[in-house]
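Residue numbers (the numbering used here), protein chains in the order written: chain A, 144 to 297; chain B, -16 to 739.
Simulated from the structure, these hints should not be mistaken for lab results.
All values reported here derive from a predicted model rather than from experimental measurement.
Ideal Cβ placement from N, Cα and C applies to all residues, glycine included.
Careful, some of the hints might be misleading.
Unchecked claim - Not the full set, but computed from the structure, chain A residues with beta-carbon under 10 Å of chain B:
no.	residue
1	146
2	172
3	196
4	213
5	216
6	236
7	239
8	244
9	250
10	256
11	262
12	264
13	265
14	274
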Amino acid sequence: MASIKFAVDGKTVTVNADPNMPLLYALRNDLKMSNPHFGCGLAQCGACTVHLEGEPVRSCVMPLSAVAGKKVTTLQGLGTPEKPHPLQAAYVEEQVPQCGYCINGWIMTAAAFLKKKPKATDAEIRDALAGLKCRCATHAAIMRAIKRAQTQMA
Amino acid sequence: MNAPLSRREFLKASGALIVTAAGPAFIGEALAQTAAGAKPPLVPTELDSWVAITPDGRVTAFFGKMDMGQSLDIAIAQIVADELDVAVDKVDVVMGDTALTCNQGGASGSTGIQSGARPLRNAAAEARRLLVHSASQKLGLPAEQLRVDDGVVSAVSDPAKKASYAELIGGRHFHHQVEWNKQIGNAMDIKVQANPKSPSEYRIVGKSLTRRDLPGKVYRTEKYVTDISLPKMLHARVIRCARAACTVAGIDESSIKRVKGARVVREKDFVAVVADHEWDAVRASRMLKISWNEIKKDPFPPMAEIYDHIRKAPVVKREDAVKKGDLEGAFKTAAKVVEAEYEWPFQSHASMGPGCSVADVRADGVTVWTGSQKPHFVQTGVARLLGVPPEKVRAIWVAGPGSYGRNDAGDAALDAALLSKLTGRPVRVQGMRSDGIAWDPKGPASVHRGRAAFDASGKVIGYEFISKGFSRRNIDTNESDPRDSLAGMSIGLPPKPSIDFGVPAEAYGFDSKLLAWEVIPPLLDASSPLRSSHLRDPVGPQIQFGSEQFIDELAIAAGEDPVAFRLKYLSAPRDAAVIKAAAEKAGWQPRQAPRAARSGDVLSGRGIAYAQRNGTLVAVVAEIEVERKSGRIWGKKFTVAHDCGLIINPEGLRYTIEGNVVQGLSRTLFEEVRFDREKVTSVDWLSYPILEIRDAPEAIEVVLINRPEIAPSGAGEPSIRVVPAAVANAFFDATGVRLRRAPLTPERVKAALARA
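Next up, chain B with everything else stripped away, as it sits in the complex:
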């Protein structure tokens, strides 16, 4: 059996070596050359757009999303291998290249498996059906008398009568139409004549197979987007004013004349320096003298008043997402009312490296190498920015320095394209650290108000939870419209804000209930360093920080244990199951009040939180230590119970959950974008600290609840949203004090304990 090829080896073998002196060569061309007929156009209605059999019988799956290291590559290979009855190491997954894959929406909403795998599964099943049909004709036997073992179709009665996939179609195309649901993005799917297998027939799905992207990363043989290099490529740094709300007043180009080959490139308020050597571009960006006009005085409120600002700001849109029962009546007749408010700051993607992209704009076509998690939307955005048809633009995703939403990679792609157009040369642009923290789109700041009515028996009869904050999509979640990019806004395109937030995702069966959100205007209409967009699990951590702490407060107010209280109001079995599983695994000791014994400097506590997310259920128990003198919280142990339906790859799922928990802990304890009246002052890792290894948990236990009968839902985000409240609830258990403002910094801990 052939050893599996790494993605890079595969691309090389297929003629798609990304960068050569002669310019890019494409996989599609290589396939076309080996095929009897030309490859059909890349449209979702062609089976060849989804799956191919190579001359040596390997399988290529064309996946219109990408894997950022959360095991999607291997999971898709497992699904395709099972449907086609081939060994998993014969399946190569090509991802995120607009010339090779359909627009399945890129990484988005943890849908890689949930929706991304569907058309691949269907295509693989259909390919198997066609291949068995072809073998049936060749062997002169009916299809029902044939079986498939590792890509070889043979007679059930006589294994010597056989035909391999390679013989049947290797290197050629199916030229077979499938029915497309006419959806672009996450919802894209196809209908085929074949029936995909039932879960009981899976042999590869459900196994913990090792990811294939690891050696390339660990031995550094795989290229990142930052490593893409083209002949005659210029290095660029975009010049952004430290202060928000500025336009360019003047540029002293002579200030960089001492830097060899460096020059200024400008269109309106978009300014960059370019040079042949990256260091010269960096030096020039530091030396350039540029003066700015302030178009708005003090665009931001004082940071200390941000939550007052949110409370007082006008509501531009409100949505009552869940409304049932007689809420007003419940509060009128209530024996007791409990109220609380919770606050969550702006947070940054703060990717491991600043966004980077390489663009080559030529008269006959445009190529953009991007770390954006949505390359198909980069294609659209670049086409619109440059005024060329989208089919003239090829966007190629290459692993970048982090992702987790609409980070600065999206801006870098459009920056690079504009600079390549303006200079007539290929351009590589990467930001400096401050571009990745001060200027990336932010997760929105918000305030959350909970109010509940109890009757005389201690039953919750009315429940209200209202979030108020900045839109989760002041700029859109992808780059398909240049008005949502810094480059677009800098050349004067008008902003196109979207207004959206969210509500708690839970199933508590209170008699009357209102879950609502209210969005306020942005602080600055365009080019704001505090413009908001999607950050991993958009608005999930902040909403659940409030709602799952509030549920805890209600449990204590009712004199009940927080686990028992949740179970009392949850009738849905899957919701109850994750709570029970997490509590049992963690050895939960019921308590109706915070721990009484509080001697010594180190206090211990445990808390629980639960939530849903688009079909996935998750509960986590946090066990923490609080150092009273220093104010430090240590998230010592987390126990997660996770139900996302059918599990494709248990180990991959486990590691994805671990990353969610620890990233969630970082956002809970450390992360807050700082700003003054005129600019973001979080510019590096000192002014925007994230979790370091001393603060990482000692243990993370994961209980995976597999439900083969239920279609898989997402796992890339659900488990991050329950971490903040679980930690805050554990803090209350340890100290008897509530922390209702995130992050739970040592200063806030000390202040809260001093007040208590």
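Just chain A, same shape as in the assembly:
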């Protein structure tokens, strides 16, 4: 057991837990956050994606010890209905999610990528989103939303 202090969505938190426990379980169980989601536990789908110091990481395989003293942002921290991130607004406007279980992966990964490369081409966007899964197969709408968000972010 270890006491590990870090920041989540702007708030400082301390979690007393097994330092090898994946960050996902600290967020969902210790901090009672209803996002991100468990999808595979293997970093193969993206449903658990958060930003660690602005970079997308898979919280299902990120040991808690690795986030000590660092800043974690979840989808809830990325934007709110009052102050949405352009990708969240675009997701609503384009009616992207169906079951919606996967979207932490897509939005958090795309947000970090577009920040670095706001004018990315379709092919670059597809490459940046490799490894993410969406079982409802909303990929066409995902591309439309990202392109809509690009016009807001450029």
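Please arrange chain B on chain A, whose structure you already have, making use of the hints.
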């Protein structure tokens, strides 16, 4: 005007905040408190079971199905709003809760609108009739001199003479009987005195209104079933043997003693670990030492021989679903006979997250939160498993990690209920990735044989298409009988397999025709990781993969263009219309043979397929690219023409079709459950790949054919079944080579091109 409430806000406002420290509180109770009299019992014969007017004049529609993100919530609200003459944002739809909704069968067979909306439409029309009648008495005017605008009844001649729905009944109950057709599930309907509106009177139906579940999902304010948390709740992981056909030999409980609070829960061959913290349950599940008895050696054939197994296996049941004309005579006199066989693998639901459920079994009642798409059947199944009356069980659907048929959510619900009973505590259970892919019920593997006879003029005079495979319902399509669940089978309940398959859904007018199916025995009687059940559009993609490729083969054999050939044998106008619409929109260039020009590494081709599904007609043109060196197929563009009668919400329909097309492309190109002699070896996204965004189409064009005069039919599944054959036909157009075994993987593409 009030802003529409999200479902969560609505539940809160109504006193149905799902989880509180004091335990669940229910909407029904809140309504009862505000009503003058108690709410009548939840039975289909009471109008109050279908619709309610709140004190502030909002409308609640109680829908016994649920919306998995395909726009049913908004569509039902549109239908109810039109019948009641209220603004659509005043209509809240409560779904999938057994304490609040009648058993309309849950999500099933794309019937959400087709049958699910019927009683809601009738109830809303009847509610309007009663409210106008009540206003008529209050205002002293005959009903025919009244009009309704956004929930306010007023005199046609004098708008100042008025009464609102809120004034007339807000917060109280109708206490009005309607005539129920005595059907449970999809077919449930009611008859009322009111006449629902005719389509020409619709103002809200037919509009592309935006779904209301989106903000809750995108800002993560809506809870999923995985987020339900109760005081003193235990987290559980069920231990399933990696190998099929095993019973428990022994458990070394000391192997998890280092994990705080973790312990083993067992009943016969049902084994789980529970702990207060989810991570401790996960750790314990990995550390637990358990030994197994093998009850059957090599339960599965070698994977490479699965189609030979199907061909040679005895037939336990055959059904000749369509039989007409003198087939035998046609083949005797044929100038030419064409034959082909097609093969389709086991496929997994592979839901986005493993199945999850929370159950709280108490002496005075049971509550189960479930992601199963059929919560009313979870209620029945849990009641039977626990030996309690069904009315003591409340099942509440909460959006889960995916659905699309009888996936692992159904097993999770019964697992959670059994574990809560055994531990005396509320229990949350979720699987690990392998539980969602290796152990979910599978879409069945099958072989499809086509045979056709041509006369000397090139006309098809005999046509035969026979599917042979595992039953589509080795376990049933819902959880109402615990014998169909892994928990039930693990505690020794005998399996109750159903035998069923299907035939192509088309209207080709061949002189003689036989469409039949044959089902073979399951590989393992109970607890099989290859047990089959419904996966989106059950047996539709595999059958049509064969039948619509075979039609293409016949067109080429006859020296005809595949579009023209189909139209030649289709006399039904709606069937012909979707084919013409898709071909025209796609700019179809007629060809009587595959493309001749094949230079360069990338070959292009286009193919068409068409099918029916329970009243819906669909055709799709696939345009693909084939990379010869890598063997990769890219489904570049799809053009769909879709006719499901009256369209309720065009944009919602369009997105539903897009999801079908891309999920269909995934199943066509990538998906195949792998197994060895003793177990399923597809356990994660590497061993069960699905489509990623690099392989998503560049464009999906959708032509919606609206037929207001025809009652709406389904859209949740029809368009997935035509994708596999359209892609395979496009591959033939590009390469001149047929791919008759799915999925169309790069290895198979390269091998087929090398052979050509």
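ask   = Holds or violated: residue 146/A as interface residue toward chain B, Cβ cutoff 10 Å?
value = Constraint on residue 146/A not satisfied, violated at 16 Å.
query = Close enough to count: is the Cβ of residue 256/A nearer than 10 Å to one in chain B?
reply = 12 Å, violated
ask   = Are residue 196/A and chain B close enough, Cβ to Cβ, to be under 10 Å, as the hint says?
value = Because about 21 Å separates residue 196/A from the closest Cβ in chain B, which is outside the 10 Å limit, the hint is violated.
ask   = Is the interface hint for residue 262/A satisfied, with its Cβ closer than 10 Å to some Cβ of chain B?
value = 19 Å, violated
Residue 239/A as an interface hint toward chain B, with CB separation required under 10 Å = 8 Å, holds
inquiry  = Take the shortest C-beta to C-beta distance between residue 264/A and chain B; is it under 10 Å?
reply    = Since chain B brings no Cβ nearer than about 13 Å to residue 264/A, farther than 10 Å, the hint is violated.
Interface hint outcome for residue 244/A [beta carbon to chain B under 10 Å] = With a closest approach of 4 Å, the residue 244/A hint holds.
inquiry  = residue 265/A was flagged as interface toward chain B. Is the shortest Cβ-Cβ separation under 10 Å?
reply    = 8 Å, holds
ask   = Would the hint on residue 216/A stand, with a C-beta cut-off of 10 Å toward chain B?
value = Violated. Min distance 12 Å.
query = Hey, does the residue 172/A contact hint survive, CB to chain B under 10 Å?
reply = OK, holds: residue 172/A within 10 Å of chain B, min 5 Å.
inquiry  = Interface hint check: residue 236/A, Cβ to nearest Cβ on chain B, cutoff 10 Å. Holds or violated?
reply    = 8 Å, holds
request  = Under 10 Å, Cβ to Cβ, is where residue 274/A needs to be relative to chain B, so tell me if that hint holds or is violated.
outcome  = OK, holds: residue 274/A within 10 Å of chain B, min 7 Å.
Checked against the numbered hints listed earlier, the structure breaks hints 1, 3, 4, 5, 10, 11 and 12; every other hint is satisfied.
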